[in-house]
Amino acid sequence: MPIFQKSAELTVQTEGRKLYDITQLVKEWLSLFPLQEGLLTLYIRHTSASLVIQENDDPEVLRDMERFFNQLVPQGNPLFKHTAEGPDDMPAHIRAALTAVSLSIPINHGALLLGTWQGIFLYEHRSAMHTRVISCHLIGA
Amino acid sequence: MPIFQKSAELTVQTEGRKLYDITQLVKEWLSLFPLQEGLLTLYIRHTSASLVIQENDDPEVLRDMERFFNQLVPQGNPLFKHTAEGPDDMPAHIRAALTAVSLSIPINHGALLLGTWQGIFLYEHRSAMHTRVISCHLIGA
Amino acid sequence: MPIFQKSAELTVQTEGRKLYDITQLVKEWLSLFPLQEGLLTLYIRHTSASLVIQENDDPEVLRDMERFFNQLVPQGNPLFKHTAEGPDDMPAHIRAALTAVSLSIPINHGALLLGTWQGIFLYEHRSAMHTRVISCHLIGA
Numbered sequence: 002m003p004i005f006q007k008s009a010e011l012t013v014q015t016e017g018r019k020l021y022d023i024t025q026l027v028k029e030w031l032s033l034f035p036l037q038e039g040l041l042t043l044y045i046r047h048t049s050a051s052l053v054i055q056e057n058d059d060p061e062v063l064r065d066m067e068r069f070f071n072q073l074v075p076q077g078n079p080l081f082k083h084t085a086e087g088p089d090d091m092p093a094h095i096r097a098a099l100t101a102v103s104l105s106i107p108i109n110h111g112a113l114l115l116g117t118w119q120g121i122f123l124y125e126h127r128s129a130m131h132t133r134v135i136s137c138h139l140i141g142a
Numbered sequence: 002m003p004i005f006q007k008s009a010e011l012t013v014q015t016e017g018r019k020l021y022d023i024t025q026l027v028k029e030w031l032s033l034f035p036l037q038e039g040l041l042t043l044y045i046r047h048t049s050a051s052l053v054i055q056e057n058d059d060p061e062v063l064r065d066m067e068r069f070f071n072q073l074v075p076q077g078n079p080l081f082k083h084t085a086e087g088p089d090d091m092p093a094h095i096r097a098a099l100t101a102v103s104l105s106i107p108i109n110h111g112a113l114l115l116g117t118w119q120g121i122f123l124y125e126h127r128s129a130m131h132t133r134v135i136s137c138h139l140i141g142a
Numbered sequence: 002m003p004i005f006q007k008s009a010e011l012t013v014q015t016e017g018r019k020l021y022d023i024t025q026l027v028k029e030w031l032s033l034f035p036l037q038e039g040l041l042t043l044y045i046r047h048t049s050a051s052l053v054i055q056e057n058d059d060p061e062v063l064r065d066m067e068r069f070f071n072q073l074v075p076q077g078n079p080l081f082k083h084t085a086e087g088p089d090d091m092p093a094h095i096r097a098a099l100t101a102v103s104l105s106i107p108i109n110h111g112a113l114l115l116g117t118w119q120g121i122f123l124y125e126h127r128s129a130m131h132t133r134v135i136s137c138h139l140i141g142a
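Protein chains in written order, with our numbering: chain A, 2 to 142; chain B, 2 to 142; chain C, 2 to 142.
Quick caveat, the hints were computed from the structure, so don't treat them as lab data.
Since the structure is predicted, the reported quantities are computational estimates derived from the model, not experimental observations.
All residues carry an ideal CB built from backbone N, CA and C; glycine is no exception.
Do not rely on the hints blindly, as some may be mistaken.
Unchecked claim - Across the chosen pairs, the derived CB separations fall in these ranges: (1) A/K19 / C/S128: 25 to 31 Å; (2) A/L33 / B/Q76: 20 to 26 Å; (3) A/K19 / B/Q37: 33 to 39 Å; (4) C/P35 / A/L80: 49 to 55 Å; (5) B/G111 / C/Q72: 43 to 49 Å; (6) C/Q76 / A/V13: 31 to 37 Å; (7) C/P35 / A/V13: 39 to 45 Å; (8) B/E29 / A/H110: 38 to 44 Å; (9) B/P3 / A/G87: 17 to 23 Å; (10) A/A142 / B/G77: 50 to 56 Å; (11) A/K82 / B/H131: 22 to 28 Å.
What the hints assert, rightly or not - With a Cα cut of at most 20 Å, we get these calculated EDC-like pairs of lysine to aspartate or glutamate: (12) B/K82 / C/E67; (13) C/K82 / A/E67; (14) B/K7 / C/E38; (15) B/K19 / B/E61; (16) B/K82 / C/D59; (17) A/K82 / B/D59; (18) A/K19 / A/D58; (19) A/K82 / A/E67; (20) B/K82 / C/D58; (21) A/K19 / A/E61.
Isolated chain A, as found in the complex (with noise of 0.2 Å):
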């Protein structure tokens, strides 16, 4: 089969600053189509929400990354001018450069190659609820 190419926008409502587990949107686009080798690349088109592969596990694995995370770039530090769109704007920004902003996952044998333990998270950094957009892009054979 010669190698081809598929994309796709996936959409995901967040309610506010965690984690959201994505895999298995991912993995319905992915079943689409007859892909036995190739490469899955996660897009995310904002800079206040960013793509992370977490644990699937344990719940309580998210909520202490957002308790670190909290921590580590906190509302209000003083050092921040950009506060006109909300003290939880500029975290966001610095949060979502900390992380992931795309992922480019291997898939073989017609399966994405994630580890036992991993999932694809959608990880939100602002308070308000948002429309978050994901661009997928799909090549191999």
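Position chains B and C relative to chain A; hints supplied.
Positioned in the frame of chain A, the structure of chains B and C alone reads:
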């Protein structure tokens, strides 16, 4: 159109620690090719500069980023033994590890899928002037 | 030559928290294929180990990195509730999120485009010995 690939090196002159917007430079290179769908990968060939997708609107965001990273990875931290190349060198290596060395951005309908508020930035982590090289790889059709 | 792809898994035995240089291992795999231009993607299938491009010259850089991450994400931080797998487990997940799970490096003129001072490292974040698997995907011609 069959899938093709293109490569290039983009060179950026930096003048000290801050974020440099390279979005236009990248788009100008992309505009050379009649690509409708594909994937652009940027890779920076240094360990004391990095790549970041960041807000492209308020310059204060970029200054807040720099203030934050300066506080997070302070020069003169007595932990650091690698000081022969100057007090800004080891913090630069850590700041590079905390941000990104490679970024992959999908292209669709002939457009790079940056979000409305996203710019592509080279983050220079050293104090002195440097010539930085970014390798670009484009694949698609 | 038409565009082709190759996949593999590289296995690395680790012995505690530090950076392991895997540049040669990666280059040996790449040398099996007559690729002139393309893209190599590395993906680590774990949530308590990660990938980092770092300085390949002074080993003190690697020790400074470890000292810094140990200070940034301390074991025993009372924030952490996920402690059943040991005090090094939750810090490992956070350290992995702060560095990289996937890296994409272009190839041109038959060479992986690492900078002069860049090595590819597996960053082990757990104290005990582990077997770590990195999925590799190569596309090009």
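Verification of the supplied hints:
| no. | hint | result |
| --- | --- | --- |
| 1 | A/K19 / C/S128: 25 to 31 Å | holds, 28 Å |
| 2 | A/L33 / B/Q76: 20 to 26 Å | violated, 51 Å |
| 3 | A/K19 / B/Q37: 33 to 39 Å | holds, 36 Å |
| 4 | C/P35 / A/L80: 49 to 55 Å | holds, 52 Å |
| 5 | B/G111 / C/Q72: 43 to 49 Å | holds, 47 Å |
| 6 | C/Q76 / A/V13: 31 to 37 Å | holds, 33 Å |
| 7 | C/P35 / A/V13: 39 to 45 Å | holds, 42 Å |
| 8 | B/E29 / A/H110: 38 to 44 Å | holds, 40 Å |
| 9 | B/P3 / A/G87: 17 to 23 Å | violated, 48 Å |
| 10 | A/A142 / B/G77: 50 to 56 Å | holds, 53 Å |
| 11 | A/K82 / B/H131: 22 to 28 Å | holds, 27 Å |
| 12 | B/K82 / C/E67 | holds, 12 Å |
| 13 | C/K82 / A/E67 | holds, 12 Å |
| 14 | B/K7 / C/E38 | holds, 8 Å |
| 15 | B/K19 / B/E61 | holds, 12 Å |
| 16 | B/K82 / C/D59 | holds, 10 Å |
| 17 | A/K82 / B/D59 | holds, 10 Å |
| 18 | A/K19 / A/D58 | holds, 16 Å |
| 19 | A/K82 / A/E67 | violated, 23 Å |
| 20 | B/K82 / C/D58 | holds, 14 Å |
| 21 | A/K19 / A/E61 | holds, 12 Å |
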